[in-house]
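Trainee: Residue numbering for the sequence shown is 1 to 361, as defined by UniProt numbering.
Under the rule of at most 30 Å between Cα atoms (straight-line distance), these lysine-lysine pairs were calculated in the BS3-like manner:
| id | residue 1 | residue 2 |
| --- | --- | --- |
| 1 | Lys-158 | Lys-76 |
| 2 | Lys-302 | Lys-196 |
| 3 | Lys-328 | Lys-310 |
| 4 | Lys-328 | Lys-222 |
| 5 | Lys-310 | Lys-163 |
| 6 | Lys-310 | Lys-196 |
| 7 | Lys-196 | Lys-163 |
| 8 | Lys-302 | Lys-328 |
| 9 | Lys-76 | Lys-196 |
| 10 | Lys-163 | Lys-76 |
Because the hints were derived from the structure by calculation, they are not lab data.
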Amino acid sequence: MSTIPTATRRRVLEALGVGTAALAGCASAPGAKEQATEAETTPQEPAMNAAQQTDVDRIAADPTAIPDPIDRSEPKTVSVEMTTKEQVAEIEPGVTYTYMTFGDQIPGPMIRVRRGDTVELTITNEEGNSMPHNIDLHAVRGPGGGAEASMVTPGQTKTFRFKATYPGAFIYHCAVPNLDMHISSGMFGMILVEPKEGLPEVDHEFYFGQHELYTTGDTGEKGHHDFDMEAMAAEEPTYVLMNGEKYAITPDRHGSPSMSVGDTARVYFVTGGPNLDSSFHPIGSVWDEVWQQGSIAGPPNKYVQTTPVKPGSCAIATLHAEVPGPIKLVDHALSRVARKGTMAIINREGAANPDVFEPEA
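Whole structure, please, built from the sequences with the hints as guidance.
Mentor: Structural data, given as structure tokens:
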């Protein structure tokens, strides 16, 4: 006989207005003694399955692992190999989940090409996987952004080719029928198509991605979390994450990248969703420049405090470090920061600059 998962039962009781006090009141009802005896002798379903052995030490992409800027003036054919993997990793210590990824990481590896390049993309669905996968790139003019041509079952490999005809930063994501579940589980990333003249030189480049995760457990509940389709349909996430894990790119987790006072950094940001917008804000600074929607064909907006990044979209933004101290990258829907795990940190290192900020005036 099937049973309702504990988390689902809890939601049902809450929806009916039946709390623990109401249930406790039943103890004085006729037959309560027999019911209590039965409860004492019947094995209780555990609140959550035990955390599983992880397949990888981390699922969070290294924000500094980005292809080098394009330094050529002619188009070429660029070969890209992408492998889809389903693997167990920690959302936070003691909490595991079976993620779906491109290339062992969230967000998936950044693809970097030049406008006019021909991209030959080979996608492999790892043999041990349980589901079909594919890839839809918003930089592709073609059916499904390549999704139809790239559908692969476990153990299968396919190759297709496209021309990068327009510049910008674009999302790619899995686009199977349950695409929302696959994206929520980590299957998204960015393809950057540089303009023919290239991008302005900066001192650092960093890469981040946000998505929400819908699970059968509560935030922080120890054990192995399964996917919760009902929670996703209701758009009630357990976690909202940057780079796939709770507070992944912070000193307390996997560490934070650094820049020096006087440096300029370019941040590439992709929102996988599948449902929630990101209100992307750097606490301790502003975005000195923002190319909204990843659109680099025109001039950027200047000195932007918070930029909206829709699901299925990107942003390119620059930061200039004028004083030392952390810059906290957040979604300014701040309950997601305080309760759901949405934050990354970039460290600014160097001498104080009292002309700009004096902490003890």
